[in-house]
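A.B. asks: The listed protein sequences correspond, in order, to chains A and B. Take the first sequence: its letters are residues 1 to 409, numbered as in the numbering used here. Take the second sequence: its letters are residues 410 to 820, numbered as in the numbering used here.
Source of the hints: derived by calculation from the structure; they are not laboratory data. Treat the hints with care, as some may be off.
Claimed, not checked - Some chain B residues near chain A, calculated using beta-carbon distances under 7 Å:
{"no.": "1", "residue": "Pro502"}
{"no.": "2", "residue": "Pro630"}
{"no.": "3", "residue": "Asn642"}
{"no.": "4", "residue": "Glu799"}
To be verified - Below, simulated DSS-like cross-link-like pairs (lysine-lysine); rule was C-alpha separation at most 30 Å, straight line:
{"no.": "5", "chain 1": "A", "residue 1": "Lys277", "chain 2": "B", "residue 2": "Lys480"}
{"no.": "6", "chain 1": "A", "residue 1": "Lys285", "chain 2": "B", "residue 2": "Lys432"}
{"no.": "7", "chain 1": "A", "residue 1": "Lys285", "chain 2": "B", "residue 2": "Lys468"}
{"no.": "8", "chain 1": "B", "residue 1": "Lys540", "chain 2": "A", "residue 2": "Lys404"}
{"no.": "9", "chain 1": "A", "residue 1": "Lys339", "chain 2": "B", "residue 2": "Lys687"}
{"no.": "10", "chain 1": "A", "residue 1": "Lys407", "chain 2": "B", "residue 2": "Lys432"}
{"no.": "11", "chain 1": "A", "residue 1": "Lys171", "chain 2": "B", "residue 2": "Lys634"}
Stated by the list, open to error - The calculated label-pair distances, taken between Cβ atoms and stated as ranges, are:
{"no.": "12", "chain 1": "B", "residue 1": "Pro641", "chain 2": "A", "residue 2": "Ala162", "range": "16 to 26 Å"}
{"no.": "13", "chain 1": "B", "residue 1": "Lys787", "chain 2": "A", "residue 2": "Glu329", "range": "29 to 39 Å"}
{"no.": "14", "chain 1": "A", "residue 1": "Glu329", "chain 2": "B", "residue 2": "Glu411", "range": "49 to 59 Å"}
{"no.": "15", "chain 1": "A", "residue 1": "Ser287", "chain 2": "B", "residue 2": "Thr737", "range": "27 to 37 Å"}
{"no.": "16", "chain 1": "A", "residue 1": "Ser351", "chain 2": "B", "residue 2": "Glu411", "range": "57 to 67 Å"}
Where is the CB? At the ideal position from N, CA and C, for every residue including glycine.
Below are the chains, spelled out letter by letter.
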Amino acid sequence: MEIFDKHILENGMVVLGEPMEAVESVAFDFILPGGAARLPEGCCGAVSVIADWIFRGAGDRNSRELGDALDGLGLHRASSVGSSFITIGAVLEAGNLAKAIELYADIILRASLKQDQFELARQLAIDAVRALDDDPRQKVMLKLREQFYPDPLGRSTLGEIAELQTLTAQKTKQIVKDSFNLSGTIFSIAGKYDFDAIVAQMKNLFETDRQKPLEPLTLGSKAGKYTHIHNEGAQVHIGLMTGTVRPTDEDYYNARIAVSVLSGGMSARLFTEVREKRGLCYAVKASYHGLKEAAGIACYAGTTPEKGQETLDVIIAEFNRLGDSISEEEVERAKVGLKSALVLQSESSSSRAAGIGGDYYILGRVRSLDEIKSKIEQTTVDSVMSFLQNNKFKDFTVVTIGPKEVKIQ
Amino acid sequence: MEFKKKILANGLAVIGEVNKSAKSAAVGFFVKTGSRDETEQINGVSHFLEHMLFKGTEKLSAFEVNEAFDKTGAQFNAFTSEENTVFYAAVLPEYLAEVTGLWTELMRPALRDEDFNIEKNVIKEEIAMYKDLPNFDVMDRCRRLHFDSHPCGNSVLGSEENISNLTAEQMREYFTRRYAPNNMAAAFAGNFDWEQICSIIEGSCEKWQKQTAIRKLEDSPGSKKKQRIEKPNLVREHICLMSPAVQAQDPRRLAAALLATIIGDDVGSRFFWELVDKALAEAASMQFGAMDGTGIFCSYIRCSSENVGKVLDTIKSIFESLSESGVTEEEMKTAKNKILSALVIKNELSMGRLIDLGGNWIYLQQYRSIEDDINAIKAVTIDDVNSLIEQFKPGDFTQLSIGPAPGGLFK
């Protein structure tokens, strides 16, 4: 039976932990409520500027001193920008944990946010958006989310060049102030640590007055059904997404099994039909993508231009065929695959820190591995089939990048 | 942790590191063959063959293979480099025996013409996919330019034309020569029963025939050539720099890894502070690539076309300062901390441990515990690193860039 640690500071900041016996490492994440969807209009990309800017000097250290202090701990940084959150995290050897958290408190609460450093951070953010044009595979999936999710959930986490260009240091500073709201922040830690010491340190560093609670997001409409971006590359990169139940839904595990039957392992349907039988693609994969507010099944395939249409047609046919019948063996393989992935990930401190933090944000609690396993176990061919019958795939949002367009039937 | 080893009569090395506290186990077949072992005519065959192993045996169809793996929930795959082809799986301990048995069968594939012809399309799609990844494309082309006529410059994927012309018969011939038991190792890491694994391997692999598998080993000073390739659909300049380094068997490889970290780690390195922090380039990194009988320092930089001149000047001054004053004690300390913590974190997973275990065996015929590596990294001195700079002159490199419009040429 696993143990989870939990403490809530007086300001509402949640501190979660999962101790792991067999490791010498520790990983932690600060999940701060400042994702791309929470940005004011006209500031798309501000979060990716912030993710860089806050590391350019904090507390009494300048940019170089801060970087050297972090590196000196042998710490590996891991920041990511999501739809609702910005996650600032790290993984390191457990011995340096207390020093690392002290530095992160400076970064989160006392970043210097100097004008000259802002310009550099903004330039890098603009360059990252430009560089996307040279990475059509990543670009197609970002565009796909933008088209699929109701606004502002799908907003590009990297940003828009025009909006980045008009962004000012002053405006961005205000965004940092608004979004680094400790009352809506989750701190998760996994690996080797002493929870009493962590709580004492967090109280000392992060206890503040309670801040205004976050407003729920108001969702707008979706952007479109099909978008093509022309690029004289070697392949057509196809992104396809269709709606499904959210992680909080009672059918969540049925949806996960259905996605696994479609594209879990190499014996799953997409790989078999698209790659093994027809040789249409090297890369073809569908996966569940869940936010708190909405969820979908996202599929990527890359193929040479003359095979683009057939690839898309076969993929859509496989989505539609899923609700016709599923075999006992397929469901069994999907279950074993999901359970095994769960255990394998549980050996990594960074996966666990992200896992418990994500759970708490979406569900308001942490699921134990046993609970997840038993939920997976409870699914059956009948439960998955009735889920598929009640949630037929209707609309597909499609984005392609490449030399040739496709037709959506 | 307990190390186990057994060499079968036909030369197959079976090695394992048992860690009873792990929740998983990993198995890998490390075959000492890759694009450097190919002639021009069959370039790309190692990688194509890696795909073909999943296509089944006399008894198993491709679908049955995939099904058998998926039934165990294994996370399995394979990769091919210039000099190794590695097949691996990470599983829950109770499935290791089954997955190991499956791999031993697959190591003697059917290589059917029909499967070969379908898979050819998949290989061509993979070649096309990498053409759309300029960060990969630039390295591949730079390796060719750097190694010149040395076989380590051979492309792993091969060209589309080569793949079109390749025959199943050529592949079968290559397979027989290279997938010999004396040219491979079966490695295990994590929570497993050594005796059980050994009996599975012995039962399946003892009958495999020993072959003469030779690899020509020569060092390469590198061509030091400069080249730029234009691609109208690109928007950024992708630059790759390559210079010679120590070989995988050289004890100075750890000093070389530290030097690459000091110069080009993602954060906190000289490249980072001079190029990325100042927003001259959005990516700049250097890695040390240890190879059989040779080695390279390899850097990748991505920037705007306008910044190419400044970026190259900056790189030049970074290397000049290194050759004049060497690295600092502070840099040594930081680089050691980074490498040590990365080592510990990676080896907490059975899969991470497997790669180090198999790699050490393939290159050194040696078991090295994590502690051995930790101590060896700690023992590297600043003089070790500085003498590498002196000997290998990393500022004297081969350079290849791919980018959009004319201009931004090397200096």
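A.B. asks: Run every hint past the structure and note whether it holds.
C.D. replies: Okay, the hints, checked on the actual structure:
no., hint, verdict
1, Pro502, "violated, 10 Å"
2, Pro630, "violated, 32 Å"
3, Asn642, "holds, 4 Å"
4, Glu799, "violated, 25 Å"
5, A/Lys277 - B/Lys480, "holds, 20 Å"
6, A/Lys285 - B/Lys432, "holds, 27 Å"
7, A/Lys285 - B/Lys468, "holds, 28 Å"
8, B/Lys540 - A/Lys404, "holds, 16 Å"
9, A/Lys339 - B/Lys687, "violated, 45 Å"
10, A/Lys407 - B/Lys432, "violated, 47 Å"
11, A/Lys171 - B/Lys634, "violated, 48 Å"
12, B/Pro641 - A/Ala162: 16 to 26 Å, "holds, 24 Å"
13, B/Lys787 - A/Glu329: 29 to 39 Å, "violated, 52 Å"
14, A/Glu329 - B/Glu411: 49 to 59 Å, "violated, 38 Å"
15, A/Ser287 - B/Thr737: 27 to 37 Å, "violated, 45 Å"
16, A/Ser351 - B/Glu411: 57 to 67 Å, "violated, 27 Å"
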